[in-house]
Each structure stands twice: as C-alpha cells, then as structure tokens.
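Guided by the hints, dock chain B onto chain A, whose structure is given.
Protein chains: 2
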Amino acid sequence: MIPNWLVQRAYLTPDKIALSFRDESWTFAELKEQSMRYARKMKANGLNEGDRIALLGSSNAEMVFIIHASMLLGLEIVMLNRRLTKQELAWQLDDSSAKAVIVSNELAEWIDVEGTHTILFTVLKKSEEKDFSVKGIWPSERTITIMYTSGTTGFPKGVRQTVGNHTSSALSSVLNLGLDEKDVWLCTMPLFHISGFSILVRSVLYGMEVRLYEKFEAVCVAKEIQTGSVTRMSVVSLMLNKILHELEKNGATAHPSFQTMLAGGGPVPVDYLERAQRLNIPVLQTYGMTETSSQTATLSSTDAIQKQGSAGKPLFFNEIKIKDVENAGEYGEVLIRGPHVTPGYIGRFEHTVPSIDGWLPTGDIGYVDEEGYLYIVDRRSDLIISGGENIYPAEIENVLAGHPKVLEAGVCGKEDAEWGSVPVAFIVCAGNLEAEELATFCSEHLARYKVPKEFQFVEKLPRNASNKLLRRELKEWLQA
Amino acid sequence: MIPNWLVQRAYLTPDKIALSFRDESWTFAELKEQSMRYARKMKANGLNEGDRIALLGSSNAEMVFIIHASMLLGLEIVMLNRRLTKQELAWQLDDSSAKAVIVSNELAEWIDVEGTHTILFTVLKKSEEKDFSVKGIWPSERTITIMYTSGTTGFPKGVRQTVGNHTSSALSSVLNLGLDEKDVWLCTMPLFHISGFSILVRSVLYGMEVRLYEKFEAVCVAKEIQTGSVTRMSVVSLMLNKILHELEKNGATAHPSFQTMLAGGGPVPVDYLERAQRLNIPVLQTYGMTETSSQTATLSSTDAIQKQGSAGKPLFFNEIKIKDVENAGEYGEVLIRGPHVTPGYIGRFEHTVPSIDGWLPTGDIGYVDEEGYLYIVDRRSDLIISGGENIYPAEIENVLAGHPKVLEAGVCGKEDAEWGSVPVAFIVCAGNLEAEELATFCSEHLARYKVPKEFQFVEKLPRNASNKLLRRELKEWLQA
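Protein chains in written order, with the numbering used here: chain A, 36 to 515; chain B, 36 to 515.
Treat each hint with caution, since some may be false.
For the chain A half of the interface with chain B, some residues (derived, Cβ under 10 angstroms), not all of them [what the hints assert, rightly or not]:
id, residue
1, G171
2, L206
3, V209
4, L210
5, D218
6, L350
In silico DSBU-like pairs for lysine-lysine, Cα to Cα no more than 35 angstroms straight-line [to be verified]:
id, chain 1, residue 1, chain 2, residue 2
7, A, K170, B, K342
8, B, K358, A, K51
9, B, K258, A, K51
10, A, K217, B, K170
11, A, K170, B, K358
12, B, K217, A, K277
13, B, K78, A, K356
14, A, K356, B, K51
15, B, K51, A, K51
16, A, K358, B, K51
17, A, K51, B, K170
18, A, K78, B, K356
19, B, K358, A, K165
20, B, K51, A, K78
21, A, K488, A, K121
22, B, K356, A, K170
23, A, K217, B, K258
24, B, K51, A, K277
25, B, K78, A, K217
26, B, K217, A, K356
27, B, K170, A, K356
28, B, K284, A, K217
29, B, K51, A, K342
30, A, K358, B, K78
31, A, K217, A, K358
According to the in silico footprint, chain A covers these stretches of chain B (three or more CB under 8 angstroms from chain A) [stated by the list, open to error]:
id, stretch
32, 40-54
33, 84-97
34, 240-249
These aren't lab readings, by the way, just hints derived from the structure by calculation. Ideal placement from N, C-alpha and C gives every residue a C-beta, glycine not left out.
Bound conformation, chain A alone (with noise of 0.2 angstroms):
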C-alpha cells in the first residue's frame, strides 16, 4: 500500500514548486488542484475508477494535469506515442481496448478509429465537473501505465507499469543519485516514454520541481545548466552531443550546482564524456527499458570514462545477471530481477509471462566485469536505437513484406554521427521498385523515425541452416 503520490506530496509540501512551463509554475497544491478539477471533468465525461483510457498530447502543462487528473480517479493511462502513424496508433487502441481516448486538439486527426470514444482536451476543459472520492492509499500492484514497445515478433507489446514499480524505480534512483531540497528535473524527454513519465513520478515522491519543455531546444537548455536554473536533466546522446555544441560555443560551463545528466538510449561516445567533463557536466550513463520502469544499471559519473561502454552497476534494489554463465566476462542475455520489473502486458500479450523467477530476460547480450560493471555488447532482436527511439527491425520487415513487389526484407542498424543509428532495409523484391515508392509505403504504416533512411536491392537475404535471418550479417554488408 502506497499513500496516492500526489495526495500525499500536496499534504506535505503544498507550497513547494511542483511544476514549470514556459513562464507560469505550479506549486504541489495547485498542481493537485489544477489536476482534481480535469478529474472532476473526466468523471463526469463517464469516465470511473478501473478504467483504462488512451492519451495522447504534447508535452505541456495541460498533458501533465491530465496524467495526473487520470491517476487521481484511479485510470489506467495507456501512452501514446505521437510519433506514430495513424495505423500503429489504432493498433494500439484496439488492442489495449482503451474506454476512451483523451486527445489533445492539434493531434486529434491521428485518432481515427471508428466507434473511439474521443474526448478533446478542449471539450473536457469545458465539461462540468462531478465529485468523487479520492483514494488516499494505492495497492502497489495497480496499474498507473500502459507503454507500448515492440519485440523478436514486431508486435506492439502492452507493458503495465504499476505504482509499485514506478516508485521502487524513483527511490532506487533517489539512493544512486542523491537528493537536495533545490533541485530541478528539466524534461525535454517524451511523457509517453518511460524516460520522461519517470521524472513526473520522482517529482511527486521528491518534492521536486519538474522543468518541463514541449520539445528539446539546445539554445535554451544549455542556457538553464549553465545558469543553474536546473540540477538534473534526462538526455540521450543526440541531445547531450547538442547541448555541449552549444556550451562550447558560447564558452559557458555548466553551473555549480548542477549535478546529473542523465543519458539512455546507449553508450555515450567517449568524445562527448571528455568534453561534458570539461564543462563540468556530470554524465550518468543509464540502462533501462519500459517494462523495469526507467534506470535498472546507471555508470557513475567517475567511472564514465574509466568504464567507457558499460551500463554501471544495478541499482540498489535491482538485481542483474548473465544467463547460465559462470565467470565476470562470459557474454550471455541480460536477466533482470527487482520491484521495478512489470508484472505483464496487456491486450493479446495478456497470458505472456514476462519474467521466470522474477528474472526479466531481456534479450540483450552482455556480460559483467570483474567488478560487477554491466556491459551490453548486442542489443535485443538486432534493436536499432535511434535519438533515444527504439527501432524494432521485424516490425519494419513486417510492414515491408506486406508491400506487393517484395519478396523479403531484412533491416539492420547503421550507425549515424547525428542520429546514433538510423535503419538501412535490404530487400529481395520481384520485378521493378524504386526506392521511394517504399519509403512512401513504409511511411504510410510506420513512424517516420522507423522508416529506412536507405533501401538496397540484394538477391536474396543472409540466412543460417533454419532460415532464420542473420541481421548481423546485413551489417557486416554494410561496413563492406
């Protein structure tokens, strides 16, 4: 039993900054405030406790009363990802069989979906509102929210995160990171992914102002690092690799006080952890996914360039280990155990177990030094990372294949200066096909950033004695 966080942290410290964005913040109590009344409306649109609805918005004040708002009357939150096309969307609101979806005005056209009980954000502004009961404890098994990540199928998978989860996560990270009563979380990440919704939750449970952006701007975030109006901050390299641009060029450091950047999605070059160390920037680079709610290894910053390539250690309450391996440094899948773990998905996944033991198997391949320092050497199902997105090959084979003209498709990553890694698809195809014409097909059921930013025609696919497609083999093809 966990007390409701944003009841509680209103109670505690209601005068405390819970939010800013653009000019305008919010303390906890007019957080708390702001965000009963959206729930208050949401009641009277129909919507009750245990129900599940799907939201999508930008990053803004409003989309962070309505998560709230959502929490508050007890919802179930499914994420969506803006990025993706209208048939992805629809896949993930049939699926996820969201009650309704809540949707803010200027993104409503991606809801297209027949029978979709549609709420904009306009008319709930205006809807009336209708009393209930708030909840002043949650079960630690309740479900806060639903993110969609693909797999080895290239199906989306429904992963629930529930209050225990995301509040082991917060704390596990409070213990590695530290905490102090000034600081600020900026947040240019999505909301839809873990690694923005993350800093919501720590927000509530620290008493810490979050510094929420709509989108990244390097201009104006390397202008609050170096004037100490934020202490923490969450990046993936391509925002870190700018960020640094920017200081350098103004020959600014960062401020004193500020004390983590936070970088996902993949290593960090050893070029941008030799210049942040040079503007004073300490960078923590982290491992997590969406189904352990954020950070399960974090690399301390001391160790960054020590330890180049690794992942850190777990965190405290997180356990990681090398499937069926005896000694520090023999590769195997990387297995997860910890409160931070999901306990399922949802939708067509419902009956699939995600973990044996508690063991999270992760897919990717790894091994752990001497000391214990996690490194991963293969990410999952061949997964491209591209500006901190997860790219799934199979899902873009899949939508490939259903393309007339081709007969196959295999898709691997390439590594991209800008980018990290960008998709490259190979494809055996029968008769003529222009390159376009499948960039256009593909855009049509893909998110842009998931579409290959070249296609080769080949002969045919590198296969092993089963059939199974070799994607390391399509690498190798490109580095010839």
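For chain B alone, coordinates are given in the frame of chain A:
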C-alpha cells in the same frame, strides 16, 4: 524481496567510507569483510540462519561488525539495553528464548541467567570460522531486530522490526531529508535503541558514512559540527542543549555543510530552537517509537518555531490519523499506519495484535491542525521521557508494589531542567518507610534512570470511580 543490505552496498560502492570510530575507518568492502568474518565465527559457534540471539555491547566498531554479522548470517537480534538491571535483562532473555547471548567482556557480569549460552566478544573473536552461503535477497517480512519497550501493563514487549520496516523507514526519511554523497551521520545514540540502530540502516541503504561515538561527548560533537566533518546527527533535547552551550562558549557556529539535527523524544524547548537557529543548526523535531522503526512524523526546521510543539507531518509512506474525530484540532488517540509499523511482538505478547486494519494505536493523545501538522498533547500511559529514554510509570509502580511495606504506589513525571522529565513516586505505606530504602529497593529491580528521584508519602492516591489511578492528578499535586 529486498537485497541483503550490506552485500548489495559493498557491491555498489565498495570504496566509500562506511564507518568511522575514533581514529579508524572502514569502507563498505572492509565493513563487509569484517562482518563476514564475525558471521563465520558465529556459525562456528553453532548459530544458524533463523536463530534468535541477544546482543549486549557498547557502541563501538566491533559492535557494528557483530550487528552486521548477525544480519549476514540471518539471525534475529534482540538488542539489549545496557542500562537495564540484571533482573530486567534476565526477563528479556527468558521472554525472547534467545539461543545465545553475545556480550562484550566489560558487560558480561550483567548476564546472570543460569543455562544461558553466553558468548563473550573476545571468545567470538578467537573462534574458528565456518563457511556458510550468504543470502543475496531477503524477504521483507524477515525480522532483523527485536527491541523491548514497556507499555500500559508495565511488562516489556519485544517488538519485531523487519527488513521491510527498517527499509521503508530509511526511504521515507531520505525523501524528507534529502541525501548528499558527502553525508556523514554522527551517531551518539545507543545502537540498542531504534534511534541509533536506524542510523546503521540508513548507512547501508544510502552508502553513507556513520561516525560512531561510544557515548555522547559535547565537546567533540560540537567540534565535528563546527568543522563540517559530519553533516547530520540524531539527538534528544538534553544533548542538543549541551552542543549549543559548547558552540556558544567557543563563539562558533555550525559548518555550512551541516544539514540536519534530528531531535526525538518530545518537543524541543523554544529557547533551544532559537539558539540553534542563531548557530545555523537546522533542528528537525521528530515523533517515532520502537513500533514504527524510528521516525513517523518530522517537523521541518523552517517550521520549527512557527509550529512550536508540533511533531510535524508524516513521512511520505506513512499515515497519521486521530481516532474517532472529525475536525482538525480535536483531541484523540494518535493512530499510525504504514510499511514501517511492526507486524507484532515476540514472547508472551506474541499473540497480541499491534494494529487494527494496519492502524497502530499509539496510546498517545494528540491532534492535527488545519494544515495537517501533528501535535502530541499527552503521552501514552503517562509516558515519562527522561533524557531520551522512555519510562513507563506502571513498570515502576509494579516494582514498588513488591516492597513489603508499600500498600499503593503511583508514579508520574516531574519537569526537570536537565533531563526533560524525571520519575517521582507517591507512596501509601504500612508502617515506617524511608525514601532511601525505597530507592535502594528500586535500584535492585530497575535501570538507574527509572528509579524515582523523589518519594512522597501520602495517605491515599487519587483514583476514579472504577478505582483507576489518576496519574494526571499526581502531576497536579506536584505543581501545587
């Protein structure tokens, strides 16, 4: 399931300082190594996982090793109070059925129970070592410590404090107090009390140094606070006053890095608070008990004077309510709920249920103001808090009633400039009886701090219609 505290901590931050005592210090790796050695020696002495031991020793490094050794081996530890009499200790040993008593040589004479398996610290140290397999994960329900506390009946009850209790207490506290990687917590509180023991728990969970003192020494403590060699400390008013005097005498103030003076055992006099403020010492008054594994509520230092007399607000994972009242300001019994509340007792009170629907009745009378701040107006069972030690009048009355010439006895607390409060006894006797004789008699049965400082001979005691002793009237007699 929670990772074995010391094993996990020594893995995560092996080179951080864990403990310092006098001129020596130990990293977490060294603390684990030392403690494992003692654990293997305990194993060689016939102690096994699940066994219950009693432990009596002074606050020094060896005691800390033995405490951690007991946890590593999976023992339940009855933490014996070194201020008790032989008789009181014998009662607890009997009640707890401890398989062995581990006792430091200088305190060995206090363990005087036939048939008790006693292991002296020196003997343990010289023992052989026997290997065993350390559990990496603990169930939350596992009992770590048992501490005895008296209540309305005057019979000490052995309170179980589990892994989950201690862990959630430390986590709640970090969300309230924050955490800096340079934190050092000065411990001069007895380790056999939850106030001292909880510092050891925070140390392993936070990766924080404990600076341990054998006993409170105002001169040294003031110096540490002044130079910034410690950043946090737990005290009772008596100690705080001495520290303030020392700093004032030297014209010194606290170092800017000093963060928290956590003051338990009843409200701190406003004079102390004002002096502390002038010396840059943030005093946080706290309310807790053995049954709640340390703090339940804490008053922030910024509220200290404005909310004088308040115990503050609950820590994040805890709840406080006043029994059977509807409005703010109404008096009633204070009830506490949360993951830090004991699951129950051992020994003769094993079947006593400590809470109703998870709500622990404290016996204390209090109220919550309009803003949610808790005030304690009357302590449970007329509890007397003397220099931080809890004294239950019923326990002293029981002893006095055992004297052949005492017909009736009533005990209450009297305000005392040094100790906060001291016990005073009212006696109805048969025949001639001198105060001195009663004091000697009490000393044989009761720890020194419990022996009444005054004996007043009266003709009868104030009782209500059902013949219940009215201790509040005794207090009025004292004031008259």
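Hints, one by one, checked against the model:
no., hint, in the structure
1, G171, "8 angstroms, holds"
2, L206, "5 angstroms, holds"
3, V209, "6 angstroms, holds"
4, L210, "6 angstroms, holds"
5, D218, "8 angstroms, holds"
6, L350, "8 angstroms, holds"
7, A/K170 - B/K342, "28 angstroms, holds"
8, B/K358 - A/K51, "30 angstroms, holds"
9, B/K258 - A/K51, "34 angstroms, holds"
10, A/K217 - B/K170, "38 angstroms, violated"
11, A/K170 - B/K358, "19 angstroms, holds"
12, B/K217 - A/K277, "31 angstroms, holds"
13, B/K78 - A/K356, "28 angstroms, holds"
14, A/K356 - B/K51, "24 angstroms, holds"
15, B/K51 - A/K51, "33 angstroms, holds"
16, A/K358 - B/K51, "30 angstroms, holds"
17, A/K51 - B/K170, "42 angstroms, violated"
18, A/K78 - B/K356, "28 angstroms, holds"
19, B/K358 - A/K165, "30 angstroms, holds"
20, B/K51 - A/K78, "51 angstroms, violated"
21, A/K488 - A/K121, "21 angstroms, holds"
22, B/K356 - A/K170, "15 angstroms, holds"
23, A/K217 - B/K258, "28 angstroms, holds"
24, B/K51 - A/K277, "34 angstroms, holds"
25, B/K78 - A/K217, "48 angstroms, violated"
26, B/K217 - A/K356, "30 angstroms, holds"
27, B/K170 - A/K356, "15 angstroms, holds"
28, B/K284 - A/K217, "33 angstroms, holds"
29, B/K51 - A/K342, "18 angstroms, holds"
30, A/K358 - B/K78, "31 angstroms, holds"
31, A/K217 - A/K358, "42 angstroms, violated"
32, 40-54, "holds (count 4)"
33, 84-97, "violated (count 0)"
34, 240-249, "holds (count 3)"
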